[in-house]
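> Residue numbers (the working numbering), protein chains in the order written: chain C, 1 to 345; chain G, 1001 to 1371.
Calculated directly from the structure, the hints in this document are not laboratory data.
Where a beta carbon is used, it is the ideal one built from N, C-alpha and C, also for glycine.
Hints are not guaranteed to be accurate.
As the list claims (entries may be wrong) - Derived Cβ-Cβ restraints for the label pairs, each shown as a range:
no., chain 1, residue 1, chain 2, residue 2, range
1, G, Arg1164, C, Thr264, 28 to 34 angstroms
2, G, Val1209, C, Leu320, 41 to 47 angstroms
3, C, Phe298, G, Lys1213, 54 to 60 angstroms
4, G, His1128, C, Asp39, 29 to 35 angstroms
Stated by the list, open to error - Computed footprint of chain C on chain G, listed as stretches where at least three residues anywhere in the stretch have a Cβ under 8 angstroms from a Cβ of chain C:
no., segment
5, 1015 to 1028
6, 1122 to 1130
7, 1187 to 1197
8, 1244 to 1252
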Amino acid sequence: MTSVMSPPERDSAAQPALTPVTMAAALNQALADSLAADDRVVVYGEDVGTLGGVFRITDGLAARFGEHRVFDTPIAESGIVGTAIGMAMNGLVPVVEMQFDAFAYPAFEQVTSHLAKLRNRTKGRVALPVVIRVPVGGGIGGVEHHCDSSEAYYTHTAGLRVVTPGTPADAYLLLRQAIRCPDPVVFLEPKRRYWTRQAAILTPDGPPIDSAVVRRPGKDVTLIAYGGMVATALEAAEAAIEENWDVEVIDLRSLSPFDDQTLTESVSRTGRAVIVHEAAGFAGYGAEVAARLTEQCFHYLEAPILRVTGLDIPYPPPQLEHLHLPNVDRILDAIARLQWEADDA
Amino acid sequence: MATHARLRKTSNADRLLPSAAPLQLIDPDGQPGQNPGGLTLPEPEVLVGLHRRMVLGRRFDTQATALTKQGRLAVYPSSRGQDACQVGAALALREQDWLFPTYRDSVAILTRGVDHAETLALLRGDWHCGYDPYEHRVAPQCTPLATNALHAVGLAHAASLQARDQVALVLLGDGATSEGDTHEALNLAGVWKAPAVFLIQNNGYAISVPLAKQTAAPTLAAKGIGYGVPALLIDGNDAAAVYAAARASIERAASGGGPTLIEAITYRVEAHTNADDATRYRAEDEVRSWLERDPIARLEAYLRAQRLLDDQAADRLAAEAEQLAAELRDDMNSDVSADPAELFEHVYARPTVALERQRAALLAELEEYAP
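Okay, chain G solo, but in the shape it has when bound (with noise of 0.2 angstroms):
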């Protein structure tokens, strides 16, 4: 048996592996960050966007909690703290680039371009997705982990197989990495050289685990290395760094690169929903440090120094937040009308006989009871 047909070129293999320290373009305090790596920092408009997208995502999220509080949501995962993430990935995507998130990134989708009450219909409970997700290649939020990661993968070969430029981003958690989902994806776009950037935001807990009792691997970014996918470690609160990491990964694959796994290390400033209690596995000290370190206001201080925001352009921002806020606010508050005939509508191309029969049965029922 030739075994060592078998064998792979291992002298590249560092190439694979991820920096020791996260990569970092903007420090916290706003100054030039030590640990760039091959990233470009973006040009002055894109830092501009970042930062406006993440003020109004972050009123966004805000409001968002704010109405779970008011009955308006049946339930809402705040991704406060992981500002950066959100908006970093979803500006970095292409228009024909496609983005699988979860249920914790309402913000990129937001920021994606989806309307901001279609954005939340999963979490108000009109219907599972509220956006047509061709309209702006916005995958449905993943809620069980890790399966977007194998959509994500078959969305990017299919362009590869149709000789498509078009990329695939998929956002994971640190949680969703234990998932053999993951597994499956990473190794599944390692082999097919897949078009698809793996965007995990580690925010240091899946609901109340800490990563200590995820994983023992060093680092996450540490797993690209078994697949054949190479990685990134980025310091996932500076927003220029993951606007830089996702849009690298992305020309890359788009160029026929392969694949691309990025960590960035965040932090999960709310609790896990607002149904979850954070001060039963967490310490407030713990959640302070963070709060230091502030993805908006760390972009902010950075362009402030620039000249690149004033207190006018600033102000002008903050109106435009408290306009969408509001915005979101009237139309969580009107009354959902959900049709209980489009119950039976969906389920197949066209209804079989038996689900028009049930159909019929309970409009018949609601007609006999109605009020």
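For reference, chain C alone in the conformation it holds in the complex (with noise of 0.2 angstroms):
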């Protein structure tokens, strides 16, 4: 799987350093090494050029890049991903910024009838390799707008890749793998974990852009949570010591595709899995996984597939907000409700 992709260039600035980084500073350097690396790379959307976007993702690039690779564009969000389409034609690989997640919709149809399907349209003579920056999530106290959990708009749509970090390395990582890739790609960053500091080394080697990572083995039951959720799901997997579960964490990290492989081989082994997401969870990403793990994995079930979601409404106000986003406590119980009962007879 990793043949699609060139083979990742090592550069000075990428060293590794074990030194606390926050996500968005991880995803800086990753912009500022993919623009350093291939001068096809041009950024650009609202308020990433002068003042480095609205969540300094894009600090200082078009000082040290110049205009011409790092630039703003007027408030339109079809024409900033259209134009990308067409830059993408002409030989340019275009990253592009959602200023944030409910902002993205004016460009839906441009992604998903043109992004996504211009190669198959073309049977491959045009390639589209271009990235869609997509700040998503809650937990920031944002007001209306600011916090919609799209990944399942997005994941509906073949032709698309959509990857989404949940840690500070592999943010480097996968924006630099998003980058490098052929294929179109949606990349949702967790807003809430942006200024989370955690040491990581930030290099443009691991593991493939669309492969799943364990981030915690265990033997009893397997978590399995993506962007904003992979830090709520690892400290539930510590808290559920207390209880005697041993919990494997899997980071899903590729959300389209969908890694089958290491995701059935961890649920054969524990016979339990819970998901977590905070999109609302009807015909949420949560379903796709808990049915193709049913399809694979159902003689190695010894429970149903749990499901820990936000609540099927529409994004609470900031106050509320608590009452909406899974927690540690909710994915207790619902790893409580895993049918142990049986197991212990």
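Assemble the dimeric complex from its two separately framed chains, guided by the hints.
What follows is the structure, encoded as structure tokens:
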């Protein structure tokens, strides 16, 4: 599966250095290193130039690489993605920013009807190596239209890759991989983790873009998370030790395509699985995960696969968002409901 | 707050406005047009070429419509009546330039050099695009309206960023001007000074909805000033005017002058597609009045008056058109040999593991139930 990627280049800026780094800084470094490594890369969107982005992910890039590589656009999301398609047709590798999850919706037609389909429409003659960065999810006290989890809209569309990092190191790696990928990639950035510091080595070498990784090995239950929920899942796994549950945590990284192999291997071994995501549960991404694992691991399952998700409501106002978001307690409650009694009997 | 810093120079705003009446180089009777504006009449060999390609395009178009009646095409949106726009735009492009057509622009695609059968692959239903866009620099046909305008602006801006002499020309209809993407594309092109040309074929109707229900603007060309994009209003049934306006706009864009918006007034003589019934929304009289302004007859009259065309040449051209129609019939009557495995081939650069499984399952299913 790595064969679709050009070989990862090594550059001095990404020398191993185990220092605490935020996801925001890791993403900034990935953009800088990609711009330095490949002249075809251009970065643009609303406020990404002079300001460096509302989350400062593009901080300093316009000054360093010039306005012909990193630039501001009018407020026009469909325009940003639509022009990225034309630019990619003409030899560039656009990395565009949607300022917030819900603000990406005006671009939906360009993403689903064109970006995702042009390669197929032209029998592979037109490749669109475009990356759309979208800050997603809640947990930051954001007001309406700033906290959506929009992954299912994108994963339902064939032709797109959808990836989301859970750690600073992976943010760097996945973004480098996404920019080198010949397919269009929707890159979902969990904004609640932008400022979390973690000791990390920023390197473009690592597991392929379309693979899940086991973040914490365990033998009793597989806890499946992605993006902003990876840290919550790891926290829950630590808390579960008290209950004598040895929890394996898988970070999906790639929501589309889905890494069936890593997941079925884990769930076939543990016999139990819980999926965690912020997005509403109904017709959410977890439904696909549960269905696939049920189809592929049915005879190994000790209990139904459970989901811990956001409520089936429009994203709540900041004062109430804690009621909506999955947390450690809800995850532990779900693990407790995995028919352990039957197992003991 | 220094609000004055936000004010633009307005003294030159008038230069962005189109003329009050459509520019015309050759009138409906084949006489020199009364309102040429700044347009230059193309050289004789260009005029002869425009006529030739319109005759071939018209024959292709009527043949394609006939093929829908025989079930050989899934659907065909005719551009009959818009021949001057189709051919004028395509011939105005230089080798390195790009055309961004819509579903109604098969004749423009053909004129640009794409093979006749490949041009009709989408409408025949073989595949969503039958030609290699890079071969003749023709983007796949746009079926949702106005989305192609943004692709054109992006491609044009990419040319600027890479210091390439390349212009993108996008074809739009009057209906498409109501879409948000037209607004975003004109705005971005204006801000970026992108080497892009927007050619609106105002054929009077968006399927059944007349222009009066589409916009309250005095003309569609008048919209250009809102984006800082200079605009031309032209007679879209005058191939010489379409060619001259498109060519001048392309040259302006190529020399760093930025985008141009052209509104070409024309008429869709046929229904929206073979599946549409135009008698439900327009009168026969109206159609007849436009048939009298036929773009081919007009240029032919001019060429004959200028002794650039005689009966012999016209006969040769008619024979060439019949030959094209015959080849098209032959190609369209052959059976489609679509490969089911190809459904999975181009979704990603390499099929995913899951797609490989689905492909194997489909091929096994076909094997099992093969007659």
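> For each hint, tell me whether it holds in the structure or not.
Hints, one by one, checked against the model:
Remark: the range hint 28 to 34 angstroms for G/Arg1164 to C/Thr264 is contradicted by a beta-carbon distance near 49 angstroms. The beta-carbon spacing between G/Val1209 and C/Leu320, approximately 45 angstroms, falls within the hinted interval of 41 to 47 angstroms. C/Phe298 and G/Lys1213 have their C-beta atoms about 57 angstroms apart, which keeps the hinted 54 to 60 angstroms range intact. Checking the proposed 29 to 35 angstroms range against G/His1128 and C/Asp39 shows it holds: the Cβ atoms sit about 32 angstroms from each other.
With a threshold of 8 angstroms between beta carbons, the proposed coverage of the segment 1015 to 1028 of chain G by chain C is violated, since 0 of its residues qualify and at least three are required. Judged by the Cβ-Cβ criterion of 8 angstroms, the segment 1122 to 1130 of chain G is covered by chain C as claimed, because 3 of its residues qualify and three suffice. Counting residues of the segment 1187 to 1197 of chain G whose C-beta sits closer than 8 angstroms to any C-beta of chain C gives 3, which meets the bar of three, so the coverage hint holds. Using a Cβ-Cβ cut-off of 8 angstroms, 0 residues of the segment 1244 to 1252 of chain G lie near chain C, which falls short of the minimum of three, so the contact claim is violated.
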